[in-house]
Amino acid sequence: MAGLDPAIHAFFSDVGGASVDARNKSGHDEIGLFMLEIRNLHAQLKDGREILKGIDLTVAAGEVHAIMGPNGSGKSTLAAVLVGRDGYEITEGSVTYLGHDLLAMPADERARQGVFLAFQYPVEIPGVNNMYFLRAALNAGRRHRGEPELDAGQFLRGVRAKLKLLEISEDLMQRAVNVGFSGGEKKRNEIFQMAMLEPKLAILDETDSGLDIDALRLVARGVNGLRAPDRAIVMITHYQRLLDYVEPGRVHVLQDGRIVESGDKSLAAELERRGYGAVGDAA
Amino acid sequence: MSTLIDFPVKPETRPYLDAFRGIAGEPDWLERFRRRSLDRFAELGFPGRRSENWRYLDLQPLAKNPLLPAARGHETVVPAELLIEGRGVRLVLVDGRFAPKLSRLDLPEGVWLGSMQRAIAELPELVRAALEDIAQPFAALNAAFFADGFVLDVAPGVVIDQPIEIVHLASAAGSLHTRSLINLGAGSRMTVLETYIGPSENNARYWRNDVAAWQLGEGASLTRVALVEEGADAVHLGEVAATIGAGATLDGFVLLLGGDTVRHEASVTMTGDHAHCRLDGAFIVAGREEANIVTTIDHTAIGGTTSELIKGVAAGRAHGAFQGKIIVREGAQQTDARQTSRNLILGRRAVIDTKPELEILADDIKCAHGASVGELDEAALFYLRARGIPTEEARRLLVEGFLREAVDGIAHPAIREHLLGRLGARLARLESE
Numbered sequence: 693m694a695g696l697d698p699a700i701h702a703f704f705s706d707v708g709g710a711s712v713d714a715r716n717k718s719g720h721d722e723i724g725l726f727m728l729e730i731r732n733l734h735a736q737l738k739d740g741r742e743i744l745k746g747i748d749l750t751v752a753a754g755e756v757h758a759i760m761g762p763n764g765s766g767k768s769t770l771a772a773v774l775v776g777r778d779g780y781e782i783t784e785g786s787v788t789y790l791g792h793d794l795l796a797m798p799a800d801e802r803a804r805q806g807v808f809l810a811f812q813y814p815v816e817i818p819g820v821n822n823m824y825f826l827r828a829a830l831n832a833g834r835r836h837r838g839e840p841e842l843d844a845g846q847f848l849r850g851v852r853a854k855l856k857l858l859e860i861s862e863d864l865m866q867r868a869v870n871v872g873f874s875g876g877e878k879k880r881n882e883i884f885q886m887a888m889l890e891p892k893l894a895i896l897d898e899t900d901s902g903l904d905i906d907a908l909r910l911v912a913r914g915v916n917g918l919r920a921p922d923r924a925i926v927m928i929t930h931y932q933r934l935l936d937y938v939e940p941g942r943v944h945v946l947q948d949g950r951i952v953e954s955g956d957k958s959l960a961a962e963l964e965r966r967g968y969g970a971v972g973d974a975a
Numbered sequence: 049m050s051t052l053i054d055f056p057v058k059p060e061t062r063p064y065l066d067a068f069r070g071i072a073g074e075p076d077w078l079e080r081f082r083r084r085s086l087d088r089f090a091e092l093g094f095p096g097r098r099s100e101n102w103r104y105l106d107l108q109p110l111a112k113n114p115l116l117p118a119a120r121g122h123e124t125v126v127p128a129e130l131l132i133e134g135r136g137v138r139l140v141l142v143d144g145r146f147a148p149k150l151s152r153l154d155l156p157e158g159v160w161l162g163s164m165q166r167a168i169a170e171l172p173e174l175v176r177a178a179l180e181d182i183a184q185p186f187a188a189l190n191a192a193f194f195a196d197g198f199v200l201d202v203a204p205g206v207v208i209d210q211p212i213e214i215v216h217l218a219s220a221a222g223s224l225h226t227r228s229l230i231n232l233g234a235g236s237r238m239t240v241l242e243t244y245i246g247p248s249e250n251n252a253r254y255w256r257n258d259v260a261a262w263q264l265g266e267g268a269s270l271t272r273v274a275l276v277e278e279g280a281d282a283v284h285l286g287e288v289a290a291t292i293g294a295g296a297t298l299d300g301f302v303l304l305l306g307g308d309t310v311r312h313e314a315s316v317t318m319t320g321d322h323a324h325c326r327l328d329g330a331f332i333v334a335g336r337e338e339a340n341i342v343t344t345i346d347h348t349a350i351g352g353t354t355s356e357l358i359k360g361v362a363a364g365r366a367h368g369a370f371q372g373k374i375i376v377r378e379g380a381q382q383t384d385a386r387q388t389s390r391n392l393i394l395g396r397r398a399v400i401d402t403k404p405e406l407e408i409l410a411d412d413i414k415c416a417h418g419a420s421v422g423e424l425d426e427a428a429l430f431y432l433r434a435r436g437i438p439t440e441e442a443r444r445l446l447v448e449g450f451l452r453e454a455v456d457g458i459a460h461p462a463i464r465e466h467l468l469g470r471l472g473a474r475l476a477r478l479e480s481e
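Protein sequence lines correspond, in order, to chains E and G.
Numbers in our numbering are just positions in the first sequence, counted from 1, shifted up by 692.
Numbers in our numbering are just positions in the second sequence, counted from 1, shifted up by 48.
If you're looking for bench data, these hints aren't it; they were derived computationally from the structure.
Check each hint, because a few of them may be wrong.
Across the chosen pairs, the derived CB separations fall in these ranges [what the hints assert, rightly or not]: (1) 871(E) with 96(G): 23 to 31 angstroms; (2) 248(G) with 798(E): 28 to 36 angstroms; (3) 403(G) with 798(E): 33 to 41 angstroms; (4) 57(G) with 871(E): 37 to 45 angstroms; (5) 157(G) with 845(E): 38 to 46 angstroms; (6) 173(G) with 845(E): 38 to 46 angstroms; (7) 99(G) with 902(E): 52 to 60 angstroms; (8) 440(G) with 763(E): 32 to 40 angstroms; (9) 763(E) with 409(G): 54 to 62 angstroms; (10) 66(G) with 835(E): 27 to 35 angstroms; (11) 403(G) with 783(E): 45 to 53 angstroms; (12) 99(G) with 739(E): 48 to 56 angstroms; (13) 871(E) with 129(G): 27 to 35 angstroms; (14) 203(G) with 849(E): 49 to 57 angstroms.
Non-contacting residues of chain G with respect to chain E, defined by C-beta distances greater than 12 angstroms in every case (computed) [what the hints assert, rightly or not]: (15) 72; (16) 110; (17) 447.
Keep in mind the model is a prediction, meaning the values are calculated, not measured.
The beta-carbon is built from N, C-alpha and C at its ideal position, and this holds for glycine as well.
With the hints as extra help, turn the sequences into a complete structure.
What follows is the structure, given as structure tokens:
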């Protein structure tokens, strides 16, 4: 819980408290399990080009991991495979999420089971209102957990509180999903959705790219507010920048489809100094 | 039948000729008009696919299986979900005939609204002047057979914001021929919602042949929204001919949601300078349904504007089409016309045709048109699924979002919400088709 502002954490736990309780209860049974276990994962594109060449990674509840690496190392592919995006073929290995075979689930089910991806390039969806979309997403999760759907009032209260924290204007929510949003607004909207959906496993794909320092601080505040003992966060990033604000417990270096080095947060600073070029030599 | 016909009669018209009896007690001019129209229909026959305005519609099934004019149906109830809320003016036609018990005609001053039959008696000059179009085959057939319809006549300067609701309810098999007229005096303003409904259960095959004339005086403004939710086996052919005077505004919207074969045609002529015309619309077809939206906008005067946004969705083995012709006559300078047709295909066997057509004879004008036919955006679909929204619901959200752009253009909030509700209900059914 390093770097966590206690007020923010209390605030996040407050809103939608009922579902937090419910999750803690079910989370109880999962103690002792890793949240995410990736074993010897190989994935290739439809054209046969292998991108992931044997990834091994375990993430426990409450942990924050950073996956760093140069462009083309497979970082975004790893995120895509974990959330079930089409276009990749898994040729070897396994991914276990809370004891379930993650790769066997369709993408929408993974999300309902608590896996969240903050997109590197959030998609614009003309004609679909942000609020409407978010409520549909929240209620899909609630139906899945056997909880009653949120009424408009409950939903709006949750939305307002969390918008404020990320300094997102309410007007933006009345627009179509990501349409006419600036780059920074799109990224903040991703973290806002994450705050609303309260995932168990959050994967942030280059969330820091294209953000100015103020937006980065806001995003980091949002992410820190979501750190929780029953939630794991995996941050994929090219730069150390975000890690100055959201401190990871573990840092992994991905290169040419494999994790070539792992360490504590000091590894990120070291990478910043010596660059990715030297990693292979060290490994 | 005693009519002497000395020219070749198209065979598919024969059953209709034989069924013609006229309507007892009508004025002579109307009786003559009906016979003239019938002759015209016999000569023209059903439009073939070589006829440009009908090229995307297959009328063979209708030509082969005649649907003779239906008898008066019984008054029934209008499903509440198909009405807008409130206690506004409502005129209901059952099987093409005025149904007084279902109607609510508390009319504001300066507004005449009633059945066509009553208008023939009370406003003969107005009706007679408007009944002249027998150039189109089905308008001619309609002229011979129409049993009733409605007339809305608004005095100059009368401005009414509360929409007038016209409900066309079908309960019988056969063909229903309705003839209607909207006449807006100079500077008047009206909003009309027309809803076309048929039985969804008993699969009675009927053919609605709806013909209307709209006349907008100088500076008048008409908003007319049509919602078509005919029965599953129904044929709906609607034809509107409108003239809009100087500085007048016509704001039309059609939403075609149901019926086996549905066609809506609007022909608009700008007779005065600086007239404005907006014709937007949307259709959803599934199964083996067909829907066509056909528009012709004729700029004959200076400074007219036209704007069209038509959105189509086709699923299953359905077929949709939009044909939009914009004519800018010599001398119709400073015309500004935009036409957009956007279409979405769901599945591999659905088809949508779109055909913009510009005929420009003036040089100082702006005309733009764009057309596209595409599939659902996979990236958007994944984004919604990645938030936990089940695939079917995600697809529905995207289709609704796609069509919404057209519906959002409806200025009247109650009508807009009503149509969005009907659209949502239609899309919910689409999943099981």
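Against the structure shown, which of the earlier numbered hints fail to hold, in ascending order? 1, 4, 6, 10, 17
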